[in-house]
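Sequence lines, in order, name chains F and P.
Residues in the first sequence are numbered consecutively from 1, following this note's numbering.
Residues in the second sequence are numbered consecutively from 395, following this note's numbering.
Please keep in mind that the hints were generated in silico from the structure rather than gathered at the bench.
Yeah, the Cβ is synthetic: ideal placement off N, Cα and C, and Gly gets one too.
Careful, some of the hints might be misleading.
Pairs of lysine-lysine, DSS-like flavour, derived with a Cα cap of 30 Å [stated by the list, open to error]:
hint	chain 1	residue 1	chain 2	residue 2
1	F	261	P	517
2	F	390	P	653
3	P	458	F	222
4	P	458	F	261
5	F	264	P	517
Listed below are several chain F residues computed to face chain P (Cβ distance under 7 Å; list not exhaustive) [to be verified]:
hint	residue
6	17
7	19
8	20
9	21
10	27
11	32
12	46
13	50
14	52
15	210
16	214
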Amino acid sequence: MFLEFFYLLRARGVEVSINEWMTLVEALDKGLARASFKGFYYLCRAILIKNESDFDNFDAVFAEYFHNVKTPEDLPEEFWKWLSEDEQTRDEGRGDEWPRELEEIMRMFRERIEEQKEKHDGGTYWIGTGGTSTMGRGGYHTTGIRTGGESRHKSALQIAGERHFKDFRDDKVIDIRSFQMAFRKLRQYSSRIDIAKTELDIDATIDETCENAGMLHIVYDKPRKNTVKLLLLIDSDGSMLPYSRLCNRLFQAVSKANHFKDLKVYYFHNCIYDNLYTTPYCKRGDWVETNWVLGNLDSEYKVIFLGDAAMAPSELFRRGGNAMIGLGNDELGIDWLKKFKRRYKKCIWLNPIDEDSWDYTYGYKTIQAIKEVFPMYELTLDGLEKGIKKLLVK
Amino acid sequence: MKDMNVFKGSDNYVVTEELMNAVNVAIALEKPLLIKGEPGTGKTMLAEAISEALGMDLIIWGIKSTTKAQEGLYVYDTVQRLYDSQFGEGDVKDIAQYIKLGKLGEAFTSEKQVVLLIDEIDKADLEFPNDLLWELDKMEFYINETKETVKTNHRPIVIITSNAEKELPDAFLRRCIFHYIEFPDKQKMAEIIDVHFGDVDKTLADAALDAFYELRKMDELQKKPSTSELLDWIQALMISGVDVGNLSEKMPFVGVLLKKNQDIDVMNEIKEKGYSLRRW
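Can you make the complete structure from the sequences, with help from the hints?
Right, dumping it as structure tokens:
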């Protein structure tokens with residue numbers, strides 16, 4: 001049954017609603033797939049998918065579902081019907097061409113699958129989801145859009161197989177703008193809080209005055225202001241260097257966001273000890289005492305740690321473990337972190353390291369230990385949004 | 395599909411097959427078409443091209459951060475009415491004359507089918523799209539003050555553009571057909587240049603394209619140049635008649651392409667050393 005495609009999409013995390021599905025069926029009934037598999041692919045995508053970050057997911061599912069189709073007979077019955085019914089809706093004079101064309105598409109389609117099978121021997125799907133596909137593009141690409149090759153004469157499966165929109169996936173790393181968008185969600189408006197109504201509400205005043213037959217009736221409203229205060233603590237050196245551009249983007253996004261009631265940014269090296277640096281260069285002397293920060297920034301601050309949390313275990317668990325030569329520490333690194341945890345109710349840790357490798361990568365011991373103190377999220381749009389939700393929970 | 399309302403692109407708008415399909419699907423299903431894409435990929439131009447190609451009027455509702463959904467339907471000019479009542483002008487009892495239709499209302503009441511462009515819907519408040527669900531679905535709305543229902547005779551073709559500044563609500567998205575305009579590749583861009591300038595010198599166009607895509611490859615740039623900037627640049631090159639021999643080395647009028655000083659520095663550094671560390 002073709003309906004399986006619907007459930008497969010949903011099972012793979014593509015949230016397709018029944019409404020959208022019915023719209024697709026309606027469109028197919030109207031012959032909008034134009035008797036071509038490619039047309040069918042684009043039609044499905046235009047109706048079912050509403051975000052370019054889902055395109056990649058959709059492509060993968062599309063390929064997964066249709067990879068079983070080896071002969072036209074394997075096509076789901078409804079699909080076959082739609083293709084044949086379309087005969088009537090085609091232009092006159094081309095009536096005898098369409099079966100040939102259809103056959104050709106099917107042949108191309110079969111060839112593609114054969115080809116893919118050879119290339120991906122042993123894989124579950126001919127389009128590898130784990131980076132095995134030769135058509136996929138590997139590696140992180142941080143800028144979002146890349147222009148692809150020429151796409152007009154490709155079959156639907158080939159387009160799907162290319163997973164052209166990989167760069168748009170939500171779980172990939174992100175640019176400043178996306179960070180900004182995410183941080184916009186970090187708002188708590190004061191209208192929820194009890195304060196005096198001091199702002200003249202012009203629209204309501206006019207309305208009320210008119211209702212009042214012209215006698216002036218003034219209406220006041222609460223000013224709406226964001227009450228979120230943010231303390232951003234950035235690990236800025238050594239092992240963080242590979243992620244510097246990504247972290248830079250996050251920092252830019254935060255500093256450009258002008259909707260916070262207050263924003264404080266400090267830097268640390270690997271872990272937090274007696275002092276927090278005021279510049280990303282972590283130079284001795286350019287710092288404030290951590291206790292001063294803990295004492296002066298009230299517990300309403302929401303704290304975001306940004307760091308890889310990967311370090312030598314001694315830096316976290318030993319006295320004098322501070323990796324900066326000549327700076328001893330009496331209190332353990334982990335204890336300093338716990339102080340933050342006690343002082344601030346809303347803390348999260350953003351980690352640029354891929355979440356899948358937290359269990360075994362360099363520094364996994366300290367990552368695990370810190371993860372037990374703070375909720376840790378991967379530094380992706382997905383992770384950031386989850387983190388922000390965590391910060392906003394009452 | 396009936397032939398009359400099929401969009402096939404227009405003389406001065408280059409359209410990909412996928413986009414053309416999406417437009418036609420939206421027209422046939424009578425659903426709004428939501429267009430997303432990088433700035434400068436011609437989202438707004440699309441509506442113009444459709445209205446031109448199908449010979450329909452275009453009504454543009456440009457959205458700003460303060461725009462309310464209600465404004466698109468109608469505005470009840472209470473101030474004017476108050477004013478009139480105090481000075482005894484006009485027939486204050488006749489509320490209808492103080493009801494002014496918005497762009498959506500205009501599109502609904504039009505005698506002929508029109509193309510309605512809701513431009514940059516993401517600029518408005520987060521709830522904005524939700525406030526329009528019923529109106530876009532049923533293509534009708536109710537005027538409280540006069541107890542009238544405005545219904546449409548000819549469902550307008552609705553094109554909505556978004557720059558993805560805000561996430562649009564799911565309920566709204568479910569009612570749309572979606573298309574993402576990718577940044578045009580070199581070949582497509584050559585077509586676009588052709589459409590715009592017609593008789594542009596081939597060597598100049600090629601050299602400009604090469605230099606342009608080389609620029610776009612530089613990830614360190616904060617704002618990459620887009621189509622409209624490329625077109626301006628070619629215009630400038632044509633008028634000035636500079637030698638296009640080593641265009642990508644000299645980059646004349648680079649200010650047309652890159653609007654930030656920092657980006658120009660980054661470009662020079664990359665051209666010189668092959669990399670740039672200025673971003674960090």
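Now for the hints, and whether the structure bears them out:
Note on residue 261 of chain F and residue 517 of chain P: the hinted pairing holds, with a Cα-Cα distance of about 23 Å set against a maximum of 30 Å. For the suggested pair residue 390 of chain F and residue 653 of chain P, the alpha carbons sit about 38 Å apart, so the restraint of at most 30 Å is broken. The hinted pair formed by residue 458 of chain P and residue 222 of chain F meets the criterion: a straight-line CA distance of about 23 Å does not exceed 30 Å. Simply put, residue 458 of chain P and residue 261 of chain F have alpha-carbon atoms about 25 Å apart, close enough for the 30 Å limit, and the pair holds.
Taking the CA atoms of residue 264 of chain F and residue 517 of chain P, the gap is about 28 Å. The hint holds against a cut of 30 Å. Look at residue 17 of chain F: its Cβ gets to within about 5 Å of chain P, closer than 7 Å, so that hint holds up. Given the 7 Å rule on beta carbons, the hint for residue 19 of chain F holds: about 5 Å separates it from the nearest Cβ of chain P. Satisfaction of the interface hint for residue 20 of chain F is found here, the shortest Cβ-Cβ separation to chain P being roughly 6 Å, below the 7 Å cut-off.
Checking residue 21 of chain F against chain P: minimum C-beta separation of about 10 Å lies over 7 Å; hint violated. At a threshold of 7 Å, the smallest CB-CB gap from residue 27 of chain F to chain P is about 6 Å, leaving the interface hint in force. With 7 Å as the threshold, the beta carbon of residue 32 of chain F comes within range of chain P, its nearest partner Cβ sitting at about 5 Å, so the hint holds. A least Cβ separation of about 5 Å between residue 46 of chain F and chain P falls short of the 7 Å threshold, and the interface hint therefore holds.
The interface hint given for residue 50 of chain F is met, as the beta carbon of that residue sits about 4 Å from the closest beta carbon of chain P, less than 7 Å. Taken as an interface hint, residue 52 of chain F checks out: its beta carbon lies about 4 Å from the nearest beta carbon of chain P, inside 7 Å. Look at residue 210 of chain F: its Cβ gets to within about 4 Å of chain P, closer than 7 Å, so that hint holds up. Interface restraint check for residue 214 of chain F: the shortest CB-CB distance to chain P comes to about 6 Å, inside 7 Å, so the restraint holds.
Checked against the numbered hints given earlier, the structure breaks hints 2 and 9 and satisfies all the rest.
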